[in-house]
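Those sequence lines, one after another, are chains A and B. Sequential numbering from 1 applies to the first sequence in UniProt numbering. Sequential numbering from 1 applies to the second sequence in UniProt numbering.
Do not rely on the hints blindly, as some may be mistaken.
Copies of the same chain look alike in the list, so a pair counts if it works inside one copy or between any two.
To be verified - In silico DSS-like pairs for lysine-lysine, Cα to Cα no more than 27 Å straight-line:
1. 2 <-> 282
2. 72 <-> 187
3. 72 <-> 272
4. 273 <-> 52
5. 293 <-> 75
6. 74 <-> 181
7. 214 <-> 301
8. 287 <-> 72
9. 190 <-> 156
If you are wondering where the hints come from, they were derived from the structure by calculation, not from laboratory data. Just so we're clear, the structure is a prediction, and the values are computed from it rather than from any experiment.
Chain residues, written in single-letter form:
Number of protein chains: 2
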Amino acid sequence: MKIIKVIAPATIANIVCGFDVLGLAVNIPNDEIIIKITNIPGIKIKKIFGAKLSKNKKKNVISIALQALLNKYKKANIGFDIEIYKKIKPGSGIGSSAASAAGIVVGANYLLGNPFNKIELIKFAMEGERLAGGVPHADNVAPAIIGGITLIRSYKPLDIISLRSPDNIWISILHPEIEIKTSDARKILKHKILMNEAIKQWGNLGALIAGLYKEDYSIISRSLEDVIIEPIRAILIPAFNELKINCKSIGALGGGISGSGPSVFMLSNGKKKAELVTNVMKKIYSKLELKYKIYTSSINKTGIVYYELI
Amino acid sequence: MKIIKVIAPATIANIVCGFDVLGLAVNIPNDEIIIKITNIPGIKIKKIFGAKLSKNKKKNVISIALQALLNKYKKANIGFDIEIYKKIKPGSGIGSSAASAAGIVVGANYLLGNPFNKIELIKFAMEGERLAGGVPHADNVAPAIIGGITLIRSYKPLDIISLRSPDNIWISILHPEIEIKTSDARKILKHKILMNEAIKQWGNLGALIAGLYKEDYSIISRSLEDVIIEPIRAILIPAFNELKINCKSIGALGGGISGSGPSVFMLSNGKKKAELVTNVMKKIYSKLELKYKIYTSSINKTGIVYYELI
Chain A
1 MKIIKVIAPA TIANIVCGFD VLGLAVNIPN DEIIIKITNI PGIKIKKIFG
51 AKLSKNKKKN VISIALQALL NKYKKANIGF DIEIYKKIKP GSGIGSSAAS
101 AAGIVVGANY LLGNPFNKIE LIKFAMEGER LAGGVPHADN VAPAIIGGIT
151 LIRSYKPLDI ISLRSPDNIW ISILHPEIEI KTSDARKILK HKILMNEAIK
201 QWGNLGALIA GLYKEDYSII SRSLEDVIIE PIRAILIPAF NELKINCKSI
251 GALGGGISGS GPSVFMLSNG KKKAELVTNV MKKIYSKLEL KYKIYTSSIN
301 KTGIVYYELI
Chain B
1 MKIIKVIAPA TIANIVCGFD VLGLAVNIPN DEIIIKITNI PGIKIKKIFG
51 AKLSKNKKKN VISIALQALL NKYKKANIGF DIEIYKKIKP GSGIGSSAAS
101 AAGIVVGANY LLGNPFNKIE LIKFAMEGER LAGGVPHADN VAPAIIGGIT
151 LIRSYKPLDI ISLRSPDNIW ISILHPEIEI KTSDARKILK HKILMNEAIK
201 QWGNLGALIA GLYKEDYSII SRSLEDVIIE PIRAILIPAF NELKINCKSI
251 GALGGGISGS GPSVFMLSNG KKKAELVTNV MKKIYSKLEL KYKIYTSSIN
301 KTGIVYYELI
């Protein structure tokens with residue numbers, strides 16, 4: 001029976017002014033999942049490396065997302081043996097659960113002969129996200145599956161639009177190893193916001209998308225402003241303002257909190273600039289008594305990939 | 001001394017999900033302004049055709065916008081004789097005051113040898129808008145001056161982005177001859193809105209802009225949804241829902257209230273479809289005991305134009 005290796009990218013959701021709608025996939029870090037299709041019914045998580053995650057079917061996003069797919073597939077005598085190699089740390093805010101949920105459904109779909117389209121796969125993966133964050137959101141699984149920068153226009157019906165990703169955008173990611181629960185990060189947000197601030201936010205989001213299509217880095221930079229969520233959530237992240245000010249002062253286009261944190265990301269025009277920005281992040285965090293991980297990556301334009309093992 | 005004729009287009013602001021940020025210029029209707037530069041200091045509005053507007057310097061948007069320009073120009077011994085031919089009815093919600101304010105400053109700038117750039121001209125014209133609507137907004141004067149579809153990312157600093165206008169977008173405009181004051185239409189809006197609704201709105205705006213760049217009429221159509229302002233303001237416009245439902249049912253992409261009303265506009269893919277939509281508007285309004293005007297136009301991509309009269 002076939003065995004494949006799936007490579008599922010980290011993703012950044014809530015891109016500054018694009019709260020709850022904009023996400024992008026990066027090339028580094030990524031998870032690997034080895035999937036073997038068998039004729040013994042059942043989902044078996046054989047090994048999990050790199051993270052302490054439950055192998056219990058009801059507590060693992062991989063089992064839940066895959067079960068959602070199998071419920072629609074409706075054929076018996078099919079089973080999956082799974083090994084998970086987590087390199088995207090759970091709770092990092094860069095789509096760790098999304099990489100698992102999206103990775104497994106894309107891989108299983110291939111092993112079953114591609115019965116489902118991408119929108120269906122996103123819906124299955126969203127069931128995994130429901131376990132992880134309480135809300136079945138799509139802003140990480142969509143870019144993980146489609147690649148590039150994606151916009152979720154609507155959930156009912158699910159309507160996902162793939163945006164242009166300029167080649168020169170590079171991303172610096174800092175993951176402070178502190179815990180912020182997605183559900184807690186949601187709780188501190190306001191249910192009502194000022195109309196004036198909402199208008200600013202959608203003006204910036206509109207400009208950011210125009211900037212991506214025009215490949216105008218000045219417009220992109222000017223629009224990377226979040227007047228609604230960041231002012232509330234920034235306090236959760238040590239040295240957030242220092243990071244932002246210093247990264248921008250050496251030429252980062254802008255950035256903010258990845259997902260609901262604690263990771264922080266910055267966009268830059270070109271690899272060299274991004275490496276400088278990553279170094280600034282490193283310098284600031286090495287002064288704090290906190291563990292952290294740090295990455296520099298281009299945008300992942302292909303999304304999840306997989307290949308057959310011998 | 002030189003005489004020019006200026007042709008200033010009507011504009012549609014508050015394009016559905018783009019409240020306060022998106023505007024576009026149309027080719028029909030438009031105003032004409034004849035401007036003669038003289039060496040006798042002073043702004044003289046000689047004639048106003050087509051509308052009952054004050055010739056009093058402090059009560060006419062043309063004088064106010066032109067005075068704002070002259071205050072920056074700071075040279076004496078210059079005067080202007082002006083004739084205004086209004087074809088865009090004041091209070092129609094399709095940028096009548098903006099056409100006047102923008103038309104005069106673009107024309108005067110030419111007659112003075114183009115000392116000011118477009119952003120400066122927009123700022124002068126905004127002073128005229130302050131008189132008309134109480135707020136110096138730019139969402140009509142910007143597309144009137146720049147042409148096409150414009151996005152106002154920010155007011156401080158004034159940051160206007162010209163968006164792609166697909167060639168096939170045509171606009172049907174219905175102007176019911178009732179009075180809605182901009183200031184009143186503003187008063188009924190809420191100061192605070194639900195975060196969930198704001199997210200829907202910016203998801204739609206982002207998708208609309210992506211749709212314009214992709215020239216994807218299906219995306220454009222799906223994103224033409226306003227969950228915040230239209231539900232409140234629609235009651236101000238007779239038969240609004242009937243108009244919208246019927247226009248969409250025969251294939252309009254979508255539409256809404258132009259500016260703060262009372263005009264209603266619909267976008268269509270192609271001239272023929274737009275003419276059908278205009279006819280549906282006509283049919284519905286001819287049953288009501290209300291005067292109305294109706295137009296079918298392509299997008300005006302050049303903005304204000306002018307030429308010298310012999």
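Handout entry: 27 Å Cα threshold - placement of residue 187 relative to residue 72
Key = neither (33 Å within a copy, 50 Å between copies)
Problem - Homo-oligomer pair classification [residue 156, residue 190; C-alpha up to 27 Å] - result: Classified as both: same-chain Cα gap 23 Å, cross-chain 25 Å, threshold 27 Å.
Exercise for the section: Could you place residue 287 and residue 72 in one of the four classes (within, between, both, neither) given a Cα distance threshold of 27 Å? Expected result: neither (51 Å within a copy, 51 Å between copies)
Exercise for the section: With 27 Å as the alpha-carbon cut-off, assign the pair residue 2 and residue 282 to within, between, both or neither. Expected result: neither (42 Å within a copy, 64 Å between copies)
Handout entry: Homo-oligomer pair classification [residue 272, residue 72; C-alpha up to 27 Å]
Key = For residue 72 and residue 272, neither the intra-copy (46 Å) nor the inter-copy (44 Å) Cα distance is at most 27 Å.
Problem - Within, between, both or neither, where residue 273 and residue 52 count as close if Cα-Cα is 27 Å or less - result: neither (35 Å within a copy, 59 Å between copies)
Practice task
At 27 Å max between alpha carbons, let me know whether residue 293 reaches residue 75 within a copy, between copies, both or neither.
Solution key: Neither. Shortest intra-copy (42 Å) and inter-copy (62 Å) distances fail the 27 Å Cα cut-off.
Exercise for the section: At 27 Å max between alpha carbons, let me know whether residue 74 reaches residue 181 within a copy, between copies, both or neither. Expected result: So residue 74 and residue 181 fail the 27 Å test inside a copy (35 Å) and across (60 Å) alike.
Practice task
Give the relationship of residue 214 and residue 301 under a CA distance limit of 27 Å: within one copy only, between copies only, both, or neither.
Solution key: Classified as both: same-chain Cα gap 18 Å, cross-chain 17 Å, threshold 27 Å.
The earlier numbered hints that this structure contradicts are 1, 2, 3, 4, 5, 6, 8.
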